[in-house]
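S.K.: Chain residues, written in single-letter form:
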Amino acid sequence: MSQSSRPQNHPEPSHWRDRIADAAVDDAGLPRDDDVTLRAQKMVDRGVAGAMFSIFILGVLGGIAGGSATGELLSQDGGPVHAAAMLMILVGGPWCFILIRTILLLVIRKRSGPLLGRLVPAGFGWMIARSTGDPDLSAAVAGRTASMLAAGSGRRLAAVGSGTFWSGYAFISIITIWFVTARVALGFGWESSWLPAELGKTIVELTSAPLTPILGSPVLEPVAGPPMAAADDPQALAARREWILFLSAGLGVYLLIPMLLWTILQAAGGHLAAARWRPRVRNRPQTSRITRTEADIAPPEIDPALSTGDRNMKNMGVPCDRFVRLDRPGNASPLPPAITDLEDLGDLDSRDSMAAVISHTGSPSHRIAIVAWLPTTPDRGVRRRINELQKATGITPLLVLDGGETLRRRESSAITTTRLTDWRTLASELGIDALECDLANLTETSRSKLVGRLKGTDPSGFDPSPRDPRTLDESFAVIGRQLSATPSLPDDQALATCLNEIARIHSARLDQSSQGWRAWGTRLHELDPSDTADGLKMITTRGLELLPAGLRSQAGWIGIGGILGAAACAAAAVAAPAALVSLPAWAGTGAGVAGILKIWRGTRPADTPTALDQTPGTDERLGEAVLGAATVSVLWWMQGERESAISAALSNLLQLRKSDGRPPRLADEDAARRWLAEARRTIVAANGGEE
Amino acid sequence: MNDSPESLRIAVVGHANTGKTSLLQTLLRRRDFGTVSPTGGTTRSVTAGEILDEEEVLAIILDTPGLEDSINLRNMIESSRTDRREDPRSLLDRFLASPAARDSNELAMEASSLEAAMNADVLLYAIDARDEPQPRHLDELAVLGMTARPLIPLLNFTARPEADADAWRDACARQGLHATVSFDAIVFDDAGEARLLDAIRTLAPARDDAIDAWRRLRRSERTNAIAGASDVAADFLIDAAAAIIVTEPTSRDATDREVAFDAATATLLDGLREHEARAMHRIADIFGFSGREADAALLEITDAMGGVDFADTASLERAGLWAAGTGTGLVAAGAIVDLAVGGISLGGFTALGAVGAAIGAIGGSGSKILRRLRGQDEVRIGETGLTLLHLRQRATIDAFLKRGHAAIEPARIETTVSETFTARTDDESEKLLTEARGHPTWSRLSRPDHWRAGRHPRASLALRIATSMSRHFDG
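Here the protein sequences line up with chains H and X, keeping their order.
FYI, in the working numbering the residues of the first sequence are 1 to 691.
FYI, in the working numbering the residues of the second sequence are 692 to 1166.
FYI, nobody ran anything at the bench for these hints, they're computed from the structure.
Values in this document were obtained by computation on a predicted structure and should not be read as measured data.
Check each hint, because a few of them may be wrong.
[As the list claims (entries may be wrong)] Just a sample of chain X residues kept apart from chain H, beta carbon distances all over 12 Å, derived:
| no. | residue |
| --- | --- |
| 1 | A839 |
| 2 | R892 |
| 3 | D1089 |
[Stated by the list, open to error] Covered by chain X, per the in silico footprint, the following chain H stretches (three or more residues, Cβ under 8 Å):
| no. | segment |
| --- | --- |
| 4 | 133–145 |
| 5 | 369–381 |
[As the list claims (entries may be wrong)] Estimated spans, in silico, between C-beta atoms of each pair:
| no. | chain 1 | residue 1 | chain 2 | residue 2 | range |
| --- | --- | --- | --- | --- | --- |
| 6 | X | A957 | H | G93 | 45 to 55 Å |
| 7 | X | E949 | H | R276 | 46 to 56 Å |
| 8 | X | D857 | H | S14 | 48 to 58 Å |
Glycine included, every Cβ here is placed at the ideal spot set by N, Cα and C.
Just chain H, with the same shape it has in the complex (with noise of 0.2 Å):
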């Protein structure tokens, strides 16, 4: 079998223009195919002709603001024209427009394209979303052109642009200059309302310097305009001529060549940046490949001769006198004195320690309880190592499944649900007898079980028969009860009498065994409703005491924890407030949130900071309430199960909350009586019940 999973890498195009129509093409999710391709470099040149057309017209504006200017300038109505002034205001009224603009950018810490030149990537972008036919290609396009702009290439187009109105402005100013003087004679001096004559001298002798390379050594004296000097008087006319050439070489040199330079520097550095640029990856590409070339191996068939199946089915009843660990860290609990009054063959985990206890497993008559890890992949090595012992010994062994709440800490439900499926799946498949049981969180039943187990006086295998849902059916009764009693849910005197109830109900089915819980339970008759928080609070501590202590801390039994704090208002005698918020565990879990907020909101310190008040509402206080007592119902149900079975229908019971992990929100008694049906049918059904 071969099996090839290919790349779609493309090489990047050398042009920008096509490195934005790549780009977008895959903004669009379009194919990049010839086609879609030359669409969409065809709405990038329209971006650009829309630039061009933006410089033009700056270029044009420009012209027009250039030639009003001088024009207006040159209208002396008979007077003699301030050369001096005319070039000031010409050359100067620009460069101090930059200046200033330049000053104020310094200023404000801010890098920006010309206010004037601003058109171009307008025109640029504005051509481009005009593009029909295909508007997510084109706002695709104006996208990554406008991103190509941002990247250094706009502020340089906007200062093309700018560069170009002020060349617009200096070459046309001087054809007006040549236009206007061609037409009539005017006079040229130093005549003003209030600047000195020795001024404007001055500013013409400073700036005429410069230009003696173009101009020669110019003679730059007043000349009048007809009829005060004739129009064909040649010292006249060559005396004009001279101050229009100044006038021409001053906007020239100080004006149009400064701006098309830096113009021409602008339009090189944006072409640069515009090379320089790189779209930003939207898609990624791949960077591998899966290449298959092998046909999967089938796994081992089971031997059905290795299996002792049935056969080894009978011997259940035998005695466990040795027992021999099966991957067990050397960092778990210590086992438990029923297993250690046993006799220790030692661990089945190596080539040499198999050959030892192979060795000592003696008579037949008695079997080996194999102490297994849950958390450990129940894989061809440990099938093969308890198939070779079960052989050797003749024997049916007892398999003790330990390690159950640390697979349930690390992994996620899914996978210790599978987890356990695949030990159960091994121990039928080998036909051996299997137990879970928490080794470190033993409870009295469970302790009870592994020692019947042990003994051979338990072999009640895998299927525990179905509980009777009467006793849970009165105390959800009993709820319902509370719901439209006086007072009633969610008042804590109600629930004090709800929680009475039920422990009465209880107490009356439980076996003397089970003492921790009777006490619990007669802690709950001695409850006076009327003394309800301290009374709670005493009830509820109790009740997390009897917890296991290896479960007490975990994250799931602290949410039940938190479920029995807020059913009872006393999750605060437990922790400090403040400790508690800090638990993650606690944050993880709603229902110790709702439990958690509601004590805090009655014990926090004014200091204390929140983010959000989380009041409840009365369809929230409702929830917490029949959550609690259904918690406190099944909890009490459950007595007797193993802990594995108690967390399971604890955990169906958790999940019939709202998805944010907060509880149920009940409107009313009706929502009360629905909620309790749906959770009555769900434990129910998982407890093995009917549907």
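Following the hints, position chain X against chain H.
M.R.: Just chain X now, kept in the frame of chain H:
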């Protein structure tokens, strides 16, 4: 395609269910590589993944079936030993040629793994660091040692609290293996991958060019992904910051105005939700994850907001997320923020709201006055809400940067409303967002809609915000 002889060959070996396939998924950045399952023995053949730089194959990484029965395997190999001085490699060759490896399928998977290992430049021995070192692991190391290939113990799942990396380092050191590397396939760590490549480079110096190219490839990939994701985030955030919805009341009556205000708020909320989801999907795609994971991340974000639901206006207002364009709205929003911080600000936010209202009243443009006269209001996202969205975008990128491609659990985005009060000044990009205020035409969410793609000032701002965000992730 150039599969050059200089390509580095790596075989990932180890016990069943130690995360070998997961490691490959993360190293290759491919979710579609192999099948990951909690049941052991899922990988039943050698599968190769290639690291490509353009057309060049830099490295070939082989995923191998797990060594499930190492005790039996070692026993089988060593049982054929006739001379104590015999070379272990020849023992292995003999085993691989034997019927036990060829004809019987009892150890066929182990044989397949060993063959792959013998043809590799370097072996990565995958270890689930949550397990305790056991004798079967020593059997595996002994057998792999017979291949005479350099071996790197690779500690997987080290980010989990149950992991005991020190115990494994010690156990490996006792076997003469000192180049142990921690690399969690689920919680991705850039530095961890770099350390792994360093270790491979040390043990396979002849392939240093390929490893250097691999390292460069990953570095540029990361930089590009951060830049691309920041672009997407900046684009969404400008949309959010610039959005203004002008209400359309049927009359100037207060009730009608309120109805229109609610409708406009709902429109803005819907738009924000939709655009945030879209941004999230695009960011997930940039990092090589699927839209489904982005959905999960969105869910986690909502969870992490401590009950603040975008669909619930009251909830949002309670969290101080919205500011209306009217003066009373701003004052109200300020007061709400005060409540949310438990009175710590001592009325400061209310004062700010009043100042904002005054500025709004004095500095309103002509169109605003006209709208006011028509009884129209403007709805836009409040500063706190914008900060929250900003933090969420940053947290999203961060979550995907730290997510291995083998991860199954939803991406966790730990952003809470309370962070908006503590983390709002540490990033220049957030300050830049204020420049988008007052430009409703820059937002796709504004109503009336004047959106046009390709506005240069908007793109310029987006680039600055994205650059600032990228800088945050590049450290």
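S.K.: All the hints need checking, so say for each whether the structure fits it.
M.R.: These are the hints, each one checked on the structure:
1. A839: 22 Å, holds
2. R892: 19 Å, holds
3. D1089: Holds, because the least Cβ-Cβ distance between D1089 (chain X) and chain H comes to about 17 Å, which exceeds 12 Å.
4. 133–145: holds (count 7)
5. 369–381: holds (count 7)
6. X:A957 with H:G93: 45 to 55 Å: 54 Å, holds
7. X:E949 with H:R276: 46 to 56 Å: Hint holds: Cβ distance 54 Å, inside 46 to 56 Å.
8. X:D857 with H:S14: 48 to 58 Å: At roughly 54 Å between Cβ atoms, S14 (chain H) and D857 (chain X) fall inside 48 to 58 Å, so the hint holds.
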